[in-house]
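Chemist: Could you slot chain B onto chain A? The hints should help.
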Amino acid sequence: MIKKIEISPENEKFLKKVNELSGQVITLCEQCGTCSGGCPLVTEMDITPSQMMRIVQLGQKEVLDYKAIWVCASCFTCTVRCPRQIDVSKVAEALRQIILRQAVDHIDIKAIPKEEIACLPQIALVSACRKFTG
Amino acid sequence: MKIGVYVCHCGGNISEVVDIKQLTSFAEKQSDVAIVRDNAHMCSDVGRNLVLEDIKKHNLDRIVVAACSPQFHGKTFMDIVKKAGLSPYLFEMANIREQCSWPHFDEPELATRKAKDLVNVGIAKVKLDESLERKSMPIGKRVLVVGAGIAGIQAALDLGDAGFEVFLVEKKPTIGGKMAQLSRTFPTEDCAACILSPKMADVPSNPNITLFTNSEVEKVSGFIGNFEVTINKKPRYVNDNCVSCGICEEKCPVKLPNEFEQGLTTRRAIYVPFEFAVPYKYVIDEPNCIYFQKGKCGNCKKVCPHDAVDFEQKPEKIEIKVDTIIVASGYDIFDASEKKVYGFGTNENVITSLEMERMIVHEAEGRPTRKIGNRIAFIQCVGSRDEQIGNEYCSRICCMYATKLSQLLKRTDPKRDVYVFYTDLRAYGKGFEEYYKRAARTGVKFIRGRVAELIEDPETKKVTVKVEDTLARQIIESEFDLVVLSVGMQPGEGTGKIAEVLRMTRSPGGFLQEAHPKFKPVDTLNDGVFICGCAQGPKDIPDTVAQASAAAARAIRLMNKGEYEVEPITAVVDEDLCSGCATCVSVCPYDAVKTEVKDDKRVAKVNEFLCQGCGSCSAACPSGASQQHWFMSSQLKAMVGAALGEEEE
Chain A
1 MIKKIEISPE NEKFLKKVNE LSGQVITLCE QCGTCSGGCP LVTEMDITPS QMMRIVQLGQ
61 KEVLDYKAIW VCASCFTCTV RCPRQIDVSK VAEALRQIIL RQAVDHIDIK AIPKEEIACL
121 PQIALVSACR KFTG
Chain B
1001 MKIGVYVCHC GGNISEVVDI KQLTSFAEKQ SDVAIVRDNA HMCSDVGRNL VLEDIKKHNL
1061 DRIVVAACSP QFHGKTFMDI VKKAGLSPYL FEMANIREQC SWPHFDEPEL ATRKAKDLVN
1121 VGIAKVKLDE SLERKSMPIG KRVLVVGAGI AGIQAALDLG DAGFEVFLVE KKPTIGGKMA
1181 QLSRTFPTED CAACILSPKM ADVPSNPNIT LFTNSEVEKV SGFIGNFEVT INKKPRYVND
1241 NCVSCGICEE KCPVKLPNEF EQGLTTRRAI YVPFEFAVPY KYVIDEPNCI YFQKGKCGNC
1301 KKVCPHDAVD FEQKPEKIEI KVDTIIVASG YDIFDASEKK VYGFGTNENV ITSLEMERMI
1361 VHEAEGRPTR KIGNRIAFIQ CVGSRDEQIG NEYCSRICCM YATKLSQLLK RTDPKRDVYV
1421 FYTDLRAYGK GFEEYYKRAA RTGVKFIRGR VAELIEDPET KKVTVKVEDT LARQIIESEF
1481 DLVVLSVGMQ PGEGTGKIAE VLRMTRSPGG FLQEAHPKFK PVDTLNDGVF ICGCAQGPKD
1541 IPDTVAQASA AAARAIRLMN KGEYEVEPIT AVVDEDLCSG CATCVSVCPY DAVKTEVKDD
1601 KRVAKVNEFL CQGCGSCSAA CPSGASQQHW FMSSQLKAMV GAALGEEEE
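The listed protein sequences correspond, in order, to chains A and B.
Take this note's numbering: the final residue in the first sequence is number 134, and no numbers are missing along the way.
Take this note's numbering: the final residue in the second sequence is number 1649, and no numbers are missing along the way.
Pulled out of the complex, with its shape left as it was, chain A reads as follows:
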């Protein structure tokens, strides 16, 4: 099913918010796909990084529903390669922040079994808390 989207001033607000949070000018993205082609996790994502950029450009809040923004490992490959020098990692981070700042965590630390926590490297746990919890 092909979905219709609406382009309204309301969308502009969302775009501005992401611009502000990420410190990037998202409309600068020319949709070349360099970020997606080099992304080591792209095959685990439901939308590609460049698609994420496109949806934000159009101000569609639905971008927050995709798994891709959580799959992003913040490896910065996209950031160092973007021919327009957009920090794509920061955009993904901004989108995660929009959700986390509403006190909605992406993972439940308490739900992780004790045995698993015991054998996890500390740094992985800290990183997970930083990335997935508000």
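Bear in mind the hints are in silico, worked out from the structure with no lab data behind them.
Fair warning: there could be bad hints in the mix.
Stated by the list, open to error - Subject to a maximum C-alpha distance of 20 Å in a straight line, what follows is the list of computed EDC-like cross-link-like pairs (lysine to aspartate or glutamate):
hint, chain 1, residue 1, chain 2, residue 2
1, B, 1466, A, 30
2, B, 1135, B, 1608
3, B, 1601, B, 1574
4, B, 1199, B, 1319
5, A, 4, A, 65
6, B, 1466, A, 46
7, A, 90, B, 1387
8, B, 1141, B, 1319
9, B, 1021, B, 1161
10, A, 16, A, 116
11, B, 1466, A, 44
12, A, 16, B, 1106
13, B, 1301, B, 1285
14, B, 1314, B, 1332
15, B, 1321, B, 1563
Modeler: Here is chain B on its own, set in the frame of chain A:
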């Protein structure tokens, strides 16, 4: 004193930001201002007539126009002031567009305030302007053309045909430039060599053109109508006895990569660059010749039946005088090894588009240089539109040459699978869209997506392309026999050198800066110096040829009358204040100031024909004796005062 102030709306460019009403009522309140008017387009016939009639009717004796930059329309209004019978230098321009409404579009109130300041500054200066008149200077008909690619050749031929004396200087041993290396030319697919070689041959047969190959412009001094040029002519080590029989080449033991063939074939240390080179004479590659490096060999000299090899030739310095200069120093292709993710230089099956041009020529001639394979990928925007490597600009030719090469490959062998991975396909020129369509009909596949990385299979040496198809939103990982990098253009090394020699301004991308992007596209800020071809910016062959002819026409415009007008904005020395220290003499870039003894006192004296009004001496003079007409210290002080003073409201 009666000053007229004219405010231009610039069709909204200014009036949409600056409050014109506030500005005019501000101007009306200034002392000595007799009339203030505004108009949608001051530069139009209506606007100009307004000034003309006011000067006559109201006896205005000073004019201020608040509009665009003086570089853009200064001359327009000066001509009108002159037409009305006043000195054109009793005129001032307040730039409330480039310096006000454009940069401050988001702050209209502050922009209006700044516009008032700028108008106030103009009024303060115009009050102190002197009546100056332009002087005429004789000019000859000699032109230096730097670079003999298609741009330099076209400009030289146009000038030579028009009866002007041309000195054409090329650093390589042959003329022809990059175009000589191309297979065919888009969109008509004319064979590049077939259309270029007759033009190349016309150069030495034109009686008005003196050709210096293997030569570089080392030094240029002087100015328009009086340039003194030093050419460094490197030795060819082969004299005019050479009949290009080729016996020397057969006996030369050195084998080197042939740069004309992009290293696909080899050449000897004594060689002719290519088969339609002009001049078609042998040349010795000194740094790679055994005789010059070790003092042995000399085979070529021994076997030459015409005694043409001459190891004793020395570099020559040739001094010439010219009236104008055309710079056509061209471009270099982007060094693809800078783009590390594509592995150019380490992956043997990753090549540049220029290599592909040569491969196609050789394949067409039935002597292929290397295997092309069945699966070929073109990667666009290599070295262009890429801030990571520092080139923001689009090189403009790569889309179409990839379209050309891909369909030539496909038509030669329809079994080939040819893909073009592009960011945006820009088929903007005449016949380009149709040509793009033809490629699609031939079966070339265009995929929108910029290739992220290339991975070489260590065993098969095949190359995997990783890219997102941004239209299908899918990731492609596919193996190819050969990957062609569509490399962009960058300012040539020669362009950098000549820019330094001529002290030329360069654009942000490093190409040479034109005087005005729209109305003076081949002029430069250096009087009498013109630019054309890819030295000015990336462009294709039709644009290059058009621009070269334009540069020739602009040079002819200056020289044809036999005289040209010089600006009276020159330095002037107050002999009472001058202590004769000669600081001005040492800083003058034009040798326009000398000292002389006058009434037992040594004073500086300015040759006003040599003086270009750069202001160096005025700035350097320790006693304030050296001043510049139209920019006297008293004027500058008044201007600063007006800019910093309170608004008279």
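Chemist: All the hints need checking, so say for each whether the structure fits it.
Modeler: Results for each hint:
no., hint, verdict
1, 1466/B / 30/A, "holds (18 Å)"
2, 1135/B / 1608/B, "holds (10 Å)"
3, 1601/B / 1574/B, "holds (13 Å)"
4, 1199/B / 1319/B, "violated (27 Å)"
5, 4/A / 65/A, "holds (17 Å)"
6, 1466/B / 46/A, "holds (18 Å)"
7, 90/A / 1387/B, "holds (18 Å)"
8, 1141/B / 1319/B, "holds (17 Å)"
9, 1021/B / 1161/B, "violated (55 Å)"
10, 16/A / 116/A, "violated (40 Å)"
11, 1466/B / 44/A, "holds (16 Å)"
12, 16/A / 1106/B, "holds (18 Å)"
13, 1301/B / 1285/B, "holds (14 Å)"
14, 1314/B / 1332/B, "violated (29 Å)"
15, 1321/B / 1563/B, "holds (16 Å)"
In terms of the numbered hints stated before, the structure departs from hints 4, 9, 10, 14, listed from lowest to highest.
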